[in-house]
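Construct the complete structure from the given sequences, taking the supplied hints into account.
Top to bottom, those sequences are chains A and B. Mind the numbering: the first sequence is residues 1 to 309 in this note's numbering, read in order. Mind the numbering: the second sequence is residues 1 to 346 in this note's numbering, read in order.
Don't read these hints as lab results, they were simulated from the structure. Note that the Cβ used here is the ideal one computed from N, Cα and C, for glycine as well. Please note: incorrect hints may appear among the correct ones.
Some chain A residues close to chain B (C-beta under 7 Å, calculated; not the full set) [to be verified]:
id, residue
1, Ala-50
2, Thr-200
3, His-222
4, Arg-302
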Amino acid sequence: MLPQLARRLGLMVFTVWGALSLTFVILRIAPGDQATVQLGPEATAADVAALRTELGLDRPVFLQYLDYLGSAVTGDFGESYRFHDSAMTVILDRFPATVVLALSATVLALTVGLLLGVLAGRSPGRLTDRVISGCTLVMQAIPPFWSGIMLILLMALTLRLLPSAGSGDLEHLVLPAVTLAIPFTALVARITRSSVAEVTSEPYIQTARSKGLSERAVLTRHAVRNSVIPVVTMVSLHIGTLMGGAVIVEQVFAWEGVGSLLVSAVGNRDYAIVQGATVLIAIIVVTMNLLADLVNARLDPRIRAGVTS
Amino acid sequence: MSDKRPAPAGTAVISDQAPEGSRRASAGSLRVRELTIALPGPRGMAEVVDGVSFDMAEGRTTGLIGESGSGKSLTAMALVGLVPDTAVVSGQVLLGEENLLTAGRARIRQVRGAEISVVFQDPSTALNPTMTIGDQVGEILWGRGVSRAQARERAVELLEHVGIPDAAHRVGAYPHEFSGGMRQRAMIALALAGEPRFILADEPTTALDVTVQARILDLLGRLRDEDNLSMLLVSHDLRVMSHVADDLVVMYAGRVCERGAARTVLRTPLHPYTGALVRSVPSVRVGSAIADPLPGSPANPFDRPPGCPFNPRCPRAEDRCRTEVPALREIAPGRLSACHFAEELS
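This is the structure in structure tokens:
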């Protein structure tokens, strides 16, 4: 287990470095830079050049990259010119809002998704299964920006039950969390369904029944634990998509998290914020993947022993 | 169905009488009467098990033999209600005077494990990979007011009983840490945990190495004698049967074609199918004739030929066999055959 863990940690560092470098390259390829955006369209070429020199943007790209990498290792992503503060401070300030949003969506998606998945999967082909499978297919196909707007129209404008935008309170949280949870719920439900359907046809489920256990005990003691293993893997892989979804959903609902910060920072070419936020998201994703592997090792003794079968 | 099988004059149709050896103690037997199981097939419901009757006599091993598709496993599983949801089961499975087929789900759950247990074919898939061996063996006791610690102690005893060395340590192991033979021993310990009187062993050695098979069969035989169990051994392997079975029920295409004490059935088969089975087993003796394989392929239970289901493959088949379904008749004391010409075979 320990050498495996060490290898995984090495891979994590490599992945984060990849995300870091890719962001750097993409930002340099994108037209315009901080100097042109900061000074606006009326600025003279001389002014822009002067600011570039001041910001160090005229130096060779490779040197900029080394500098950036060097300070990133210490957690320093430079100063945001928009907020006149350290980028990390700005990002970490917004971070809790995103965590609350993502966590609410995850809890919602897991609760509803697992329930629907188990219901559908234990009687594949029956009416319950067909209704649930149909619904989850639609839920998975709807893009969050559209479902978000539809929810605003219905809940905020027509029914006037919830505020359409803003952040902080619980009532502000509901709509963005639901929007973010819709495709995630569908994903969890669909994976759980196929996993439960597969596991309940395994011979050891018959063995459990042959002991005279109730269907409930068969399901909870034998089927669910084995069904959950692929779900954990998929959920952890989906955390990245969830963070991506948060970027859009935060924008739609004016939720002041890292996502909306990132979107405005890209527009403003606020390199420090974009790079810092991307790295933070990358770290979250790889950490969640590691966590999922640890959870699975906990659930399945064969994974713990490194047995592949 | 019975209207399709008129009893020939002068012979009694035996369906309610137990085979030889079990007459002395029918109260301790599990009696199967006219068990019929219909499954949805390509052309509507098909009776893949059709009017099967036999006894699991107390303290004896009853062998249920047949090719794949003969309905032998389905028959065994129906005794504890482990059939597909789509199956329609009729007839009687009598535990004492109680018909388990009409006893209801709750009652069947009480019977499972406590009266009748199952040993499944492949222990590598029939054991839960994420639960310790000890928990799986002891689980049946959890619902009976036995503490987890006590259930674990009992599991250790059972594992020792089935010959697992160092049981006290291995009780916490997972199935993948056991060899195939050890897993099947654990499976047997699991089946014994509820102290049942009847064990249904569904091809218990088929998934195992040949060297391990004999040891598992010996173990099953020893347990039957020590714990006075009645055993139903389902197998397609005649050598396994000749090794351990006391009574034999030969099935073909969902019907019983021959029944009787194993020794006499194998020595003087009263049904051409049994005879063909016996001749198809290669002998290990040097210089002996090469085995005579059974020609043709097994009858499709969803599409049984008219008359005797074995007629397309039977060397003795006559016109009568192609039209008239032979009834299971008592040919000699304790010997039943469903062949029109059974008398001529003996």
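These are the hints, each one checked on the structure:
Of the supplied interface hints, the one on A:Ala-50 is violated, with its beta-carbon coming no nearer than about 66 Å to a beta-carbon of chain B, more than 7 Å. A hinted interface residue such as A:Thr-200 counts as satisfied when its beta carbon comes closer than 7 Å to some beta carbon of chain B; here the least separation is about 11 Å, so the hint is violated. Residue-level restraint check for A:His-222 holds (minimum Cβ-Cβ distance to chain B is 5 Å; threshold 7 Å). Because the closest C-beta pair between A:Arg-302 and chain B is about 5 Å apart, less than 7 Å, the hint holds.
Violated hints for the displayed structure, listed by number in ascending order: 1 and 2.
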